Amino acid sequence: MIQLQQVTKQFDDILALDHVDAQISDNCIFGLVGTNGSGKSTLLRIASGVLRPDSGQVCVDGAPVWDNPQVKGQICFLPDTAWFFPNATANVMRDYYKIVYPGFDGARFDELLAKFDLNPRRKLSTFSKGMKKQVAVLLGICTNSRYLFCDETFDGLDPVMRQAVKSLFASEILARTFTPVIASHSLREIEDICDHVGLLHKGGILFAKDLDEMKLGIHKIQCVISDPELEQALLSSLEVLQQEKRGSLLTLVARGSRSEIEYRLTEAQPLFSEILPLTLEEIFISETEVVGYDIKNLIY
Amino acid sequence: MTSKISFTKLTLDETRKLGWLTAAQLLVFLMLLPLRMLIVMASCRNSASMAGDPAVITKTFCLNTGAGHLENTVFILIAGVFCALIVFSYLHSARQLDFYHSLAIRRNRLFAVKYLSGALTFVTAYLISQLLTMLVGAFYRAMPLRAVPEIALASVQGILQFLCSYSWTLLAVMLTGKILTSVFAAGVLGFYLPMLLLLDVSMVQSFRPTALSTYYFFDETGFQILGNSSPWAFCITQSEWSSAKGVTRLLPNAGGLCQLLAIAVILTLICAALCHFRRTEAAGHALAFSCTESVVKLLLAIPTTLFAATLAYELFHALPAELAFLLLFGVLSCAVMEFIYRWDIRQALSHKRHILITVAVAGALFLYFRFDLPGYNTRLPAREEIASMALRDTWLGNHVDELPGLRGKDRKALDMLETEHFEPIYELAQNGIANIGLDHYASGEHYYVQIKYHTKSGKEIYRSYTVNREPFFQAMDELMQDPAFLKNYFPIMNWDAALLKNLDGNVNLFQPEILTPYLDDAAGADAGSTDAGDADAGSTDAGDANAGNTDAAGADTSDTDAADATIADEYKMDANAVIYDSAAPYEASETHLLYSTDFTIPASWIPRVVEAYREDLAEAKAEDLTDSCGYLYFQNRTPSGETGPETGYLASYYEANYEIGKGFDRTLSLLAQIWLLQQ
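Line by line, the protein sequences give chains A and B. The letter at position 104 of the first sequence is residue 104 when you use our numbering, and the numbering goes up by one with no holes. The letter at position 410 of the second sequence is residue 410 when you use our numbering, and the numbering goes up by one with no holes.
Calculated from the structure, these hints are not laboratory results. Don't take each hint at face value.
[Stated by the list, open to error] Heads up, simulated PhoX-like pairs for lysine-lysine below, C-alpha to C-alpha not over 25 Å straight-line:
| no. | chain 1 | residue 1 | chain 2 | residue 2 |
| --- | --- | --- | --- | --- |
| 1 | A | K129 | B | K9 |
| 2 | B | K9 | A | K123 |
| 3 | A | K123 | B | K17 |
| 4 | B | K352 | A | K98 |
| 5 | B | K456 | B | K412 |
| 6 | A | K129 | A | K115 |
| 7 | A | K115 | A | K98 |
| 8 | A | K166 | A | K215 |
| 9 | B | K621 | A | K98 |
| 10 | A | K132 | A | K215 |
| 11 | A | K202 | A | K166 |
| 12 | B | K9 | B | K59 |
| 13 | A | K132 | A | K98 |
| 14 | B | K352 | B | K409 |
| 15 | A | K245 | A | K209 |
| 16 | B | K17 | A | K132 |
| 17 | A | K98 | B | K456 |
| 18 | B | K456 | B | K409 |
Small disclaimer: the values here were computed from a predicted structure and weren't measured.
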């Protein structure tokens with residue numbers, strides 16, 4: 001388990017992370033979302049031991065990450081722009097990774113390269129951005145490290161490859177103890193893959209929750225209620241996070257189980273009612289509004 | 001739990017990845033060592049003078065392969081600079097740092113891997129080149145077995161020099177966050193101290209006219225400082241402290257190698273510590289440690305500003321212009337530094353506090369020196385505080401330079417000339433201080449003198465003044481009354497028989513007519529054999545001295561004849577060296593003498609001439625010497641300066657010139673005889 005305790009990082013006069021506390025459980029896919037400049041990359045760099053926090057610390061199973069080879073050996077960090085040796089081919093990188101990651105599975109890497117149709121003897125400098133990303137991800141997966149930190153990994157991958165990589169992550173989780181942490185500025189990109197999501201904003205983590213839990217406990221309701229008193233009664237009986245009325249159509253985002261909401265809705269005798277599933281984006285907008293953040297203009 | 005990364009595997013892999021760097025260095029060193037050796041050896045074989053002498057060929061081989069070869073050293077140092085900049089360039093790339101710093105390896109270990117792989121690129125290329133060079137030597141039979149350890153030791157020295165340069169450049173890399181500023185920082189590390197010395201020299205020249213010598217920068221002291229100003233300079237001057245052993249006599253001594261090793265180790269440890277504390281996010285910044293920004297800025301801007309103000313003083317001698325320069329360069333130097341830091345011209349004038357500090361500190365120092373606030377130039381210790389003083393003028397006082405180890409060392413020379421009877425010198429110093437600030441020093445009316453005050457408290461103060469003619473000669477005449485002063489001031493007074501035996505002597509007269517009054521007597525002395533014998537009677541001592549016999553009283557006629565025979569023989573042998581107009585035979589006319597201004601003193605005459613000169617000198621006035629009509633000059637024939645005790649011996653490399661005053665009757669009389677003998 002990865003624990004971030006009061007992690008603070010400042011670059012000159014810019015506060016990148018401000019006393020961040022978070023916890024990442026093993027064997028789940030953790031999505032780290034946030035606006036550009038919210039500190040996602042900084043957080044991953046600190047968590048992988050690239051950067052040293054100004055205060056606080058990141059621990060894996062209680063041991064600090066910073067300059068600790070024992071812990072860092074369990075982590076593989078894939079930055080947003082992968083770096084390869086000048087003139088290196090995938091084979092060269094494989095051989096190097098074999099040295100620096102003693103658990104690296106070379107045979108699997110070769111096999112995956114073939115599956116992804118990547119030439120192992122072609123210079124990586126001639127690869128497209130997406131192909132480089134693929135090589136980086138494959139290298140990362142084949143390290144067999146416990147944690148894989150991916151910074152904007154899906155950015156640049158085509159939808160097919162994105163899906164393939166997601167499948168790879170899923171199969172890895174099934175096969176061994178594997179915890180990918182994926183940082184992205186796009187909620188849509190990670191909505192269908194992450195189990196847990198943490199939202200970073202202006203250097204602070206707003207929350208980190210289980211995604212399903214979050215989806216089951218929050219709903220979007222559209223209804224038409226002719227009696228204003230019943231409408232008011234419905235609003236007061238629900239924990240409304242967001243409400244909007246256009247003409248006679250009332251749209252609500254409310255916290256609570258689906259059955260409980262359905263019961264309250266029936267009591268209001270609506271002319272028309274519908275409970276809709278919320279996208280991750282909508283959940284975040286609603287949640288962040290509750291805690292006082294207006295991120296409508298920030299996400300996407 | 002994970003397995004540890006293999007240090008050896010990683011180092012070898014990194015070295016392999018730097019194969020291109022090894023190849024590049026190999027190319028350079030192949031041209032520098034074996035290829036050059038082929039050319040040198042081939043030319044040796046073709047050279048008629050060298051082909052038959054194996055010792056010369058061996059020495060040539062060792063000189064080109066071994067220690068003390070400047071070009072080799074320079075290329076080794078350059079290799080160190082390039083290797084450090086290339087191997088550790090990852091510290092300046094955020095992308096590479098993301099990669100390397102995420103690996104499960106401690107930073108110090110990573111540093112060691114990189115350091116070692118960089119060093120291996122050089123060692124591989126250098127050793128291959130040295131081995132090939134040795135093969136070339138063996139092929140040309142220029143490399144005896146005894147040269148092998150010498151070349152091996154020289155190779156060790158080369159590797160240590162590389163490590164010094166490598167680590168020194170690495171220090172610049174560690175302190176900076178960009179490759180460009182690394183290069184700049186390396187330059188600063190290498191040349192900051194010499195630049196400060198240059199500033200010091202220029203300020204002393206401008207504001208301290210009474211300073212003894214502003215040219216210490218260029219003498220041995222200056223070279224010592226420069227030689228220690230950076231590991232690069234240290235390596236280049238290394239041949240100075242070789243053991244004087246081996247074929248080349250430039251074999252590095254153990255102490256020197258230990259010094260190099262110590263420098264390399266200390267620098268490497270500092271770099272390793274800096275690497276550990278260096279923040280990853282420093283990549284892309286001008287300096288890696290933000291706390292050094294203002295310090296570096298001020299350390300560079302203040303001397304630059306001070307130098308600009310001093311330059312303005314030299315150019316304009318007007319305070320407003322000097323202050324304008326000071327202000328302008330204070331702002332400019334800070335702006336340039338800020339631009340290097342931020343790479344943004346709009347921020348060039350930010351941190352105005354730094355500009356203020358620069359202008360204030362440089363201004364304060366400038367005004368302190370310009371107006372001589374500490375009273376350096378006018379300082380004159382009270383008489384009762386002084387234990388002894390020394391005077392040296394730049395004309396007659398130069399004789400001290402003849403002594404081994406004293407040439408160009410004004411302080412040492414003054415130390416030798418100290419006298420407790422310092423009243424004349426003190427008065428001269430007062431005159432010198434009164435003359436400070438004179439607009440014009442007339443040639444012949446003013447004399448430059450150096451003075452030392454040795455106070456009773458043990459303080460030694462050295463100054464130079466421009467003094468007036470009258471007090472100068474007055475003081476000199478008074479001092480020359482003292483035999484001890486005379487002996488110190490004119491080393492010729494101390495020359496012993498052993499030295500006289502080894503001297504070559506010559507005469508140069510710029511007023512040859514000075515000999516005329518002595519020629520008739522000399523001709524008379526030379527007319528008959530009896531007369532000649534008489535004329536030479538006084539030379540008996542000299543002849544004996546030449547023969548190593550100091551018992552002058554016991555000399556007999558046969559000795560005298562022998563001396564004459566020697567004179568005649570040497571004259572014949574040395575006839576070509578005598579410059580005169582052979583078409584105009586001697587008729588005791590001045591016209592003839594005008595052509596005959598330069599002639600040799602036969603060896604057997606030298607002791608007599610020196611003795612006569614000593615007697616004349618003891619009675620001479622200083623003014624006669626400064627207004628001389630010619631001079632005697634002597635040179636030691638001893639092959640190197642290794643002979644005897646310092647005092648009383650001529651440095652082998654230096655000619656001793658002694659002025660002949662108009663009243664030097666004894667000397668001129670002898671010179672007239674010699675001249676006649678040589679006709």
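Structure-based check of all given hints:
This hinted pair does not check out: K129(A) and K9(B) have alpha carbons roughly 30 Å apart, beyond 25 Å. Between K9(B) and K123(A) the CA atoms are separated by roughly 23 Å; this keeps the pair inside 25 Å, and the hint holds. For the hint pairing K123(A) with K17(B), the CA-to-CA distance comes to about 15 Å; that is within 25 Å, so the pair holds. A hinted pair counts as satisfied when its Cα atoms are at most 25 Å apart, and K352(B) with K98(A) does not qualify at roughly 53 Å.
Taking the CA atoms of K456(B) and K412(B), the gap is near 19 Å; set against the 25 Å cutoff, the hint holds. For the proposed pair K129(A) and K115(A), the alpha carbon gap of about 18 Å is at most 25 Å, so the pair holds. At roughly 20 Å between alpha-carbon atoms, K115(A) and K98(A) fall within 25 Å of each other, so this suggested pair holds. Note on K166(A) and K215(A): the hinted pairing holds, with a Cα-Cα distance of about 21 Å set against a maximum of 25 Å.
Taken as a hint, the K621(B) and K98(A) pair is broken in the structure, with Cα atoms around 91 Å apart against an allowance of 25 Å. Simply put, K132(A) and K215(A) have alpha-carbon atoms about 35 Å apart, too far for the 25 Å limit, and the pair is violated. Restraint check for K202(A) and K166(A): not satisfied, since their Cα atoms lie roughly 28 Å apart, outside the 25 Å limit. Between the alpha carbons of K9(B) and K59(B) the distance comes to roughly 42 Å, so the proposed pair goes past 25 Å and is violated.
Pair hint K132(A) plus K98(A) holds up; C-alpha atoms about 19 Å apart against a cutoff of 25 Å. Distance restraint check for K352(B) and K409(B): the Cα-Cα separation of roughly 46 Å exceeds the 25 Å cut-off, and the hinted pair is therefore not satisfied. Between the alpha carbons of K245(A) and K209(A) the distance comes to roughly 30 Å, so the proposed pair goes past 25 Å and is violated. For the given pair, K17(B) sits about 20 Å from K132(A) by alpha-carbon distance, which is consistent with the 25 Å threshold.
For the hint pairing K98(A) with K456(B), the CA-to-CA distance comes to about 77 Å; that exceeds 25 Å, so the pair is violated. About 24 Å separates the Cα atoms of K456(B) and K409(B), which keeps this hinted pair within 25 Å; it holds.
Going down the numbered hints, you'll see the structure goes against 1, 4, 9, 10, 11, 12, 14, 15 and 17, while the others check out.
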